[in-house]
Structure formats: structure tokens, C-alpha cells
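K.L.:
Next come the chains, spelled out residue by residue.
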Amino acid sequence: MQLSRDRLLDAYRKMRMIRCFEEKLQELVLAGKLAGFLHLYAGEEAVAAGVCAQLDARDWVASTHRGHGHCIAKGVDVAGMMAELFGRRTGLCKGKGGSMHIADMDAGMLGANGIVGAGIPLATGAALTAKLKRTGGVGVAFFGDGATNQGQFHESLNMAQLWKLPALYVVENNGWGEFTPTEFVVPVADIAERARSYAMASAIADGNDFFDVYEKAGEAIARARRGEGPTLLECKTYRLSGHYVGDTTVYRTKEEVEEWRQRRDPLDRFERRVVEAGLLAADELRRLDGEVAAELAAAVAAAEAAPLPDPADVTADVYVSG
Amino acid sequence: MARMLTTGQAINEALAIALESDPDVILLGEDVAGGGARSAEGVEEMGGVLGTTKGLVKRFPERVLDTPISEMGILGTAVGAAATGLRPVAELMFIDFLGVCLDPLLNQAAKLRYMFGGKARVPLTVRTVTGSGMRAAAQHSQSLYWMTAGIPGLKTVIPSNPADAKGLLLAAIRDDDPVIFCEAKGVLMQRGEVPEGDWTVPIGQARIARAGGDVTLVAFGATVAMALQAAEALAKEGTEAEVVDLRSLQPLDEAAILSSLEKTGRLVVVDESTPRCSIASDVAALCVDRGFDFLNAPVKRVTAPHTPVPFAAVLEDAFRPSAEKVIAAVREMG
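As they're listed, the protein sequences go chains C and V. Heads up, the first sequence is in the numbering used here, so the first residue is 6 and it goes up one at a time. Heads up, the second sequence is in the numbering used here, so the first residue is -18 and it goes up one at a time.
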């Protein structure tokens, strides 16, 4: 294990923040305070945190409709995110994006994306920029199992391998594409197998184990930075919430969800591992839990108090010029 | 000094200047570099299906990229590259192929800036061939610029001659917004004087291609030549037509259209595309909405019919607008 105490604390804090952020959103929707389509990342925290722990300011990530976790893991400001979800002028996107388009170019976050698979070529383009401008950076696409049936996935992987781009394709296989089990729509046993069509390197990680994701993403990113081309990394994980907030989840059993929640929760597994190994103490983690809760409460209060956008700004920001 | 070049040569020159003057400019598309011929002896590279990019890969080997036949991958990758620091010029061989790659333009390039609250730039140019007249039939002959012009966040330009092609393309590449650059088939082979050196035409400004006081003919791309030909014929009957070459479809130079209408009181708009939801309809609506008091006759639209583009020469010629159809429309106005 190569991570310092500070890096471990940061990883835990981000995972806890993602979990609490999503739980808070659920609560705010039920209280009638938030509008719009919300897709929660709870249960998949180890994927975003494990991959992003290998990234730095040179790197770009492109995300999905389930994008809050990737934002937080890449270091996007939580208060700005919350203000955006409240549709406030102080939001990261001035209230123009909302949950499915939340982005922060300054943090290397190319946006959540409302179109399944559409972030994949965007990250490929970021990798092309990195290669031609010799920044040393990588372009990382996060996407679900469902997106691997889209043409954008196949066209992008083919081009990235041909051009040996510094790209990482992270498929978060959470077992469900909306309300349909993955095996109904994906004929291969492991999505990682799809890399073979493109002679691309691939790996499979336990997506609920931060350390496994961190290690396998690290190998792929090192390969990309050395100019040896892209990797398809399949992280097997689970979506603890429904497809969206308000989903009745009648299509799956409570036992299935409880099995993942009770026995495979990525935060519990992280804690057991670091505490048993004597790397961090449980009370340090509880202190972080408290900090996260306080930061979130402050973000919600600030967002609620923030000014609404000016209706006159509906026509602003369409073009740079003209 | 101006020289005589074809529009295709003028585009090639603009691309070379853009690549030369800015290390962030890249070209990507099917065969734009030349495929396998790049490294072989005794053969030449194609430089795109119409040879427009021929020779550029030799001067800029790292920045002229052949792609697979993967239009969605090409455009999606170009959008991502544009948002992160490059200035890509992507080639969509024919605008008809929008059918397999609309998402990167419709939902990504056009919207990133707005969705991100003004914090992204997508300096992307998409060069694409439009229009009928080459007997290329229904899937290689459409004039779908009305689609891109109707998507907020995109700009769409369409030159009618070699000089404007060079100037507008350089302006498009240097523009910080995504621009669709339409190369009308009827214009690509045209020859004309082209200024040398680094020279741009501002996006959003129409051009008076011929002055006249009796009727305004609004045209763009390949229909400018038809309008000019009609104007010469009408002049012999004593009707002086003013030809307004739009050059840019979005932004649209509304002031140029309205000021010509104010002068002539009559207006015909000539558009290669089908009529529904077209630029022709848009210009007609503008004249009724904001130029009503200037109108001395109904606005006439000369367009293709509401059909796919047919193959047989006699059918395609019947489909296309023409100088004769423009003349007939003017006469009909009385």
C-alpha cells in the first residue's frame, strides 16, 4: 500500500462526502426543496475515489448522468455543486446546468452528461489534446455498463487505440441499465472483454474496493502517461439507489440491495481495512464524518440563501462572440 | 495580390495558413491526410474525397489526422479536444452524414458553454460538403444547413465564391465558438480571385453581390450564382435586382436583408434546401415580422420541393432551384 496517511484520509473524506451528498439530495427532494432529474452515485464511491486518487491537475475526466461522485472525487467545490443543484446564480454553472450538466473546467471536470455514452469521446478528445500538446495528462471517461452498447463507446475506443492516446475508460458496471439487468443487454460475461476487439489493454477491478480500483487505475494511468496507450478498466460495483430519485425499484429485490449494503459497502470495507492494518484510527474517521456533515449543512444553507439567476441571463453564455 | 483559384484550392490555402499560424490547429477526418498512400512509393495521397486537404500532411505530419469511418467518434473527439485546448478542424465528408453523428454537435458542442455557465469554449470548425448537382442522389446531396443554423450555440457559414471561402474558413477556425463551414458542391469547383496571405471575412456579415433598386434576391452558397444570372437576365427587361449574399446563416445579418428590402420593396429568397423550416422560410418570416412596411409584394421563396434529392439528371435538375425559377418568381410578383 503506497498511500500516505493524508492521502488515505482524503480518499475516505471524498467517499464519505459522496455518500452524504447523495443522501442529502434524496432528503431535499423528499422535502420538496430540489427539482429536476437526479441520479445518485451512492454505492459506487470507491470507483470515483480510487481512480481520481491517481489523477492530478493535468488530467481531465468526463462523466455521466450519475456524475456527482466524479465531481467530488476530482475536487470540485461541494458548495458550488449544491448551489447549482438549487438552481442558484452562485452555482458552478450559474444555474444553467443542473445535476446532469454539472461541470468545472478549472478542476478538469468536463461535465456530467445527459446523453449515455457521450462523455466517452469527450475524454478521448481530452487525451488527444494531452498527446499533441505533450501535457503529460490523461483523459478519463467514466461511464456505465449500458454505455458500452453505444456507438460512441466503440468508435472512441477504436480511435484511441489506433492513436495510442493517453486515455482511461472506466466502466462502472453496477449491474443495472436503468431498470434492466446488465446480462439482458450485454452478451459478454465481462465488459472488459470488449477491449479485445480493439487490441486494447484491459483490467477488472472490484469496484467496491477502493484499493483494488486505485491499484488497477494506477497501472493503466502510468501506462497512458508513458505513451503506451489506453486501457478499458471494468469496475464491478452496485447502484444502491434506484436509477433516479423517485424510482420505486420494483424491478429488484430488497434482499439484493441489502446484500450489497450490509456486506459490500465500499466505505465499510475501506474502514475495516485501514483500521485493521493500523493505518488510521476509527475515531479519526468519525471526526471526518462530522466535518463532512458540517460542510454539507453549510453548503445547503448557503445555497438556500443564495440569489436566484437573473431572468435576463437566459440569453447569456450561448456564444463567446456574435 | 489576388490570384485565380478554385474554392477547393482556396480552402486548402486557408487550412495551410491556419496550421502554420497556430500550433493548436489540427485537421481530422476520413482520408484528410491520405490514408495508406502517405508512406508508399509511386502513389499520391488523396487529401479527402475531393482532394481539398491534399499536401497538408506533408507539411504538418503530426496535426493532419486520418480517422476511421467513424463520424460520431471524429466529431465527439474533436469536441473534447476543442474544449481542452486544441482548435480542431473536423471534416464531415457530406452533411448528410449528420445522421450518424448529430449528438456531438447537437448536445455537446452547441451546449457545453451554456450548460457550464459560460465557463467552456469549444473552438471547433466542422467542414462539410452540402448541396445537390453532382448526381449523388438522396444521401449525399442534402442541404441540411438549416438544421445546424437552428441549433443555438452553433454558427453556420456558407461561402459562395473562392475568396469568401478562404476568408470565412480562417475566421471560422479562429472563432471561439463551434462553426459549421458548408462547402456547397456548386461552389467548390468555381474559380475566382482570392487574396493572398492571411485574410479573413467576418462571420455574420452579408455581402451585396450586385446592387439594384427594383427587387432583392437573397441567396447564399450555390444559389448566389443563380441569383446573379437571374439578375443579368432581368436587367435586360429593365428590372434591376440587388443580390444579397448571406455568407453566414447563423448569425444572420438581418440588417443587411432589411435594408435592401427597404430600398427595393420586393424580395425573393433562393435556397437549395427543401422548403419546410428552411433558411428561406426564416428570411421570409423576418421580412413579414420586421419589414412589413417595406413590402410592396408578397415575399417569394425559391427552394427545392419537399422531397428527397433524386438521382436521374432530369429529376435532379427539376429538383434544384435555378436562375429560370428565380426569374419566374420575380415576374410572378408583378
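Wrong hints could be hidden among the right ones.
[What the hints assert, rightly or not] Mimicking SDA-like on lysine to any residue, the simulated pairs with C-alpha atoms at most 20 Å apart in a straight line are:
id	chain 1	residue 1	chain 2	residue 2
1	V	K244	V	V269
2	V	K100	C	D318
3	V	K100	C	G327
4	C	K138	V	D5
5	V	K100	C	L301
6	C	K138	V	F41
7	C	K138	V	P42
8	V	K100	C	M110
9	V	K39	C	L137
10	V	K306	V	P279
11	V	K100	C	L137
12	C	K138	V	Q171
13	C	K169	V	V24
14	V	K35	V	M(-15)
15	C	K138	V	D157
16	V	K100	C	A84
17	V	K244	V	A293
18	V	K100	C	V325
19	V	K217	V	R301
20	C	K38	C	D270
21	C	K138	V	K35
22	C	K138	C	N154
23	C	K29	C	D270
24	C	K169	V	F41
25	V	K100	C	E28
26	V	K100	C	D270
27	V	K35	V	Q171
28	V	K100	C	R93
29	C	K138	V	V269
30	C	K138	V	G66
[Claimed, not checked] Examples of chain C residues toward chain V, derived with CB under 8 Å:
id	residue
31	W65
32	P126
33	G130
34	G141
35	S161
36	M164
37	Q166
38	D252
39	V280
40	L284
These are calculated hints, taken from the structure and not from any lab test. Think of the CB as a built atom: it goes at the ideal place given N, C-alpha and C, for glycine as much as any other residue.
K.L.:
Sort out whether F41 of chain V lies within 20 Å of K169 of chain C, counting only the CA atoms.
P.N.:
With a Cα-Cα distance of about 19 Å, the restraint between K169 of chain C and F41 of chain V holds, given a limit of 20 Å.
K.L.:
Any CB of chain V closer than 8 Å to the CB of G130 of chain C?
P.N.:
Check passed: Cβ of G130 of chain C comes within 2 Å of chain V, closer than 8 Å.
K.L.:
Within 20 Å, alpha carbon to alpha carbon, are K244 of chain V and A293 of chain V?
P.N.:
Violated: K244 of chain V and A293 of chain V sit about 41 Å apart, past 20 Å.
K.L.:
Is K100 of chain V within 20 Å of R93 of chain C, Cα to Cα?
P.N.:
holds (16 Å)
K.L.:
Tell me if M164 of chain C is really an interface residue toward chain V, meaning its C-beta lies closer than 8 Å to one of theirs.
P.N.:
Cβ of M164 of chain C sits 5 Å from chain V, so the hint holds.
K.L.:
Would you settle whether the hint for S161 of chain C is holds or violated, based on the nearest Cβ-Cβ distance to chain V being less than 8 Å?
P.N.:
holds (5 Å)
K.L.:
Would the hint on V280 of chain C be counted as holding, given a Cβ-Cβ threshold of 8 Å to chain V?
P.N.:
Because about 40 Å separates V280 of chain C from the closest Cβ in chain V, which is outside the 8 Å limit, the hint is violated.
K.L.:
With the threshold set at 20 Å, check whether the alpha-carbon distance from K100 of chain V to M110 of chain C stays at or below it.
P.N.:
Given pair K100 of chain V, M110 of chain C holds - Cα atoms ~7 Å apart, limit 20 Å.
K.L.:
Is it true that the CA of K138 of chain C sits at most 20 Å from the CA of D157 of chain V?
P.N.:
Holds, because 19 Å separates the two Cα atoms, which is no more than 20 Å.
K.L.:
Between the alpha carbons of K100 of chain V and A84 of chain C, is the straight-line distance 20 Å or under?
P.N.:
Given that 20 Å is the threshold and the Cα spacing comes to 17 Å, the pair holds.
K.L.:
Take a quick look at whether K138 of chain C and V269 of chain V sit within 20 Å of each other, Cα to Cα.
P.N.:
Violated, at about 51 Å.
K.L.:
Are the Cα atoms of K100 of chain V and L137 of chain C separated by 20 Å or less?
P.N.:
Measuring from Cα to Cα gives roughly 23 Å; hence the hint is violated.
When held up to the earlier numbered hints, the structure conflicts with 5, 11, 12, 13, 17, 19, 20, 21, 22, 25, 26, 29, 34, 37, 38, 39 and 40 and fits the remainder.
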